[in-house]
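Asker: Sequence:
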Amino acid sequence: MKKYVYSFGKGKAEGSADMKGLLGGKGANLAEMTNIGLPVPAGFTISTELCTSYYANKKKYPKSLTGEVGAALKKIEKAMNATFGDPKNPLLVSVRSGARASMPGMMDTI
Numbered sequence: 001m002k003k004y005v006y007s008f009g010k011g012k013a014e015g016s017a018d019m020k021g022l023l024g025g026k027g028a029n030l031a032e033m034t035n036i037g038l039p040v041p042a043g044f045t046i047s048t049e050l051c052t053s054y055y056a057n058k059k060k061y062p063k064s065l066t067g068e069v070g071a072a073l074k075k076i077e078k079a080m081n082a083t084f085g086d087p088k089n090p091l092l093v094s095v096r097s098g099a100r101a102s103m104p105g106m107m108d109t110i
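Going by the working numbering, the first residue of the sequence shown is number 1, and it counts up by one from there.
These aren't lab readings, by the way, just hints derived from the structure by calculation.
Please note that a few of the clues may not be correct.
In silico lysine-lysine, DSSO-like type, Cα no more than 30 Å apart, as pairs [to be verified]: (1) 12 with 58; (2) 2 with 75; (3) 59 with 74; (4) 3 with 63; (5) 58 with 2; (6) 2 with 88; (7) 26 with 60; (8) 74 with 3; (9) 59 with 10; (10) 88 with 75; (11) 10 with 78; (12) 63 with 78; (13) 78 with 26; (14) 58 with 78; (15) 75 with 10; (16) 63 with 74; (17) 3 with 58; (18) 74 with 88; (19) 63 with 2; (20) 26 with 3.
Distance ranges between label pairs, derived from CB positions [as the list claims (entries may be wrong)]: (21) 37 with 63: 17 to 23 Å; (22) 11 with 56: 19 to 25 Å; (23) 17 with 89: 29 to 35 Å; (24) 38 with 71: 34 to 40 Å; (25) 87 with 1: 33 to 39 Å; (26) 79 with 58: 33 to 39 Å; (27) 21 with 41: 20 to 26 Å; (28) 18 with 85: 17 to 23 Å; (29) 63 with 14: 16 to 22 Å; (30) 82 with 38: 19 to 25 Å; (31) 58 with 18: 17 to 23 Å; (32) 59 with 79: 28 to 34 Å; (33) 66 with 14: 27 to 33 Å.
The beta carbon of each residue, even a glycine, is placed where N, CA and C say it ideally should be.
Turn these sequences into a full structure, and let the hints guide you.
Answerer: Okay, here's the thing in structure tokens:
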């Protein structure tokens, strides 16, 4: 099964700076900052290969994606001691777009 989700946080990352083609610039840099010990909040990057797969498979996501994202979200919840969707102790997240090539101003942060 192909891996699409790469986690980082608590001093460990499943990526590095040389993986920009797979993780995009932001994802690779977050992984590298984690690897060198900088304080980076826990998170995950969905690989650029997912986009390729999506278009190659008639705009359908692989069935494994939901499980991979769910597992990565659980890691973040544990690291941050908060729960996504919990009104009393919510896990606050930022969703950032990225690409293999830098395109400043072309995509929004939500």
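Asker: Are the hints correct? Go through all of them and say.
Answerer: Evaluation of the provided hints:
1. 12 with 58: violated, 35 Å
2. 2 with 75: Given that 30 Å is the threshold and the Cα spacing comes to 20 Å, the pair holds.
3. 59 with 74: With Cα atoms ~27 Å apart, residue 59 and residue 74 stay inside 30 Å; holds.
4. 3 with 63: holds, 12 Å
5. 58 with 2: OK: residue 58 and residue 2 at ~18 Å, within 30 Å.
6. 2 with 88: Since the Cα atoms of residue 2 and residue 88 sit roughly 36 Å apart, the hinted pair is violated (cutoff 30 Å).
7. 26 with 60: Judged against 30 Å, a Cα distance of about 25 Å means the pair holds.
8. 74 with 3: holds, 17 Å
9. 59 with 10: The given pair, whose Cα atoms are some 34 Å apart, is violated under the 30 Å limit.
10. 88 with 75: The hint holds at about 19 Å.
11. 10 with 78: Within the cut-off at roughly 10 Å; holds.
12. 63 with 78: Since the Cα atoms of residue 63 and residue 78 sit roughly 24 Å apart, the hinted pair holds (cutoff 30 Å).
13. 78 with 26: holds, 23 Å
14. 58 with 78: violated, 35 Å
15. 75 with 10: holds, 10 Å
16. 63 with 74: holds, 18 Å
17. 3 with 58: Satisfied, since the Cα-Cα distance of roughly 19 Å is no more than 30 Å.
18. 74 with 88: The hint holds at about 17 Å.
19. 63 with 2: Holds: residue 63 and residue 2 sit about 11 Å apart, inside 30 Å.
20. 26 with 3: holds, 18 Å
21. 37 with 63: 17 to 23 Å: Violated - the Cβ-Cβ distance for residue 37 and residue 63, about 36 Å, lies outside 17 to 23 Å.
22. 11 with 56: 19 to 25 Å: violated, 35 Å
23. 17 with 89: 29 to 35 Å: holds, 34 Å
24. 38 with 71: 34 to 40 Å: violated, 24 Å
25. 87 with 1: 33 to 39 Å: Because 35 Å falls inside the window, the suggested range holds.
26. 79 with 58: 33 to 39 Å: With a Cβ separation near 36 Å, residue 79 and residue 58 satisfy 33 to 39 Å, so the hint holds.
27. 21 with 41: 20 to 26 Å: Between residue 21 and residue 41, where Cβ atoms are some 24 Å apart, the hint holds.
28. 18 with 85: 17 to 23 Å: Cβ of residue 18 to Cβ of residue 85: about 35 Å, so the range 17 to 23 Å is violated.
29. 63 with 14: 16 to 22 Å: Between residue 63 and residue 14, where Cβ atoms are some 21 Å apart, the hint holds.
30. 82 with 38: 19 to 25 Å: holds, 21 Å
31. 58 with 18: 17 to 23 Å: violated, 32 Å
32. 59 with 79: 28 to 34 Å: At 33 Å between Cβs, range holds.
33. 66 with 14: 27 to 33 Å: Once the Cβ atoms are compared, 18 Å apart, the range 27 to 33 Å for residue 14 and residue 66 is violated.
Hints 1, 6, 9, 14, 21, 22, 24, 28, 31, 33, counting from the list given before, are not met by this structure.
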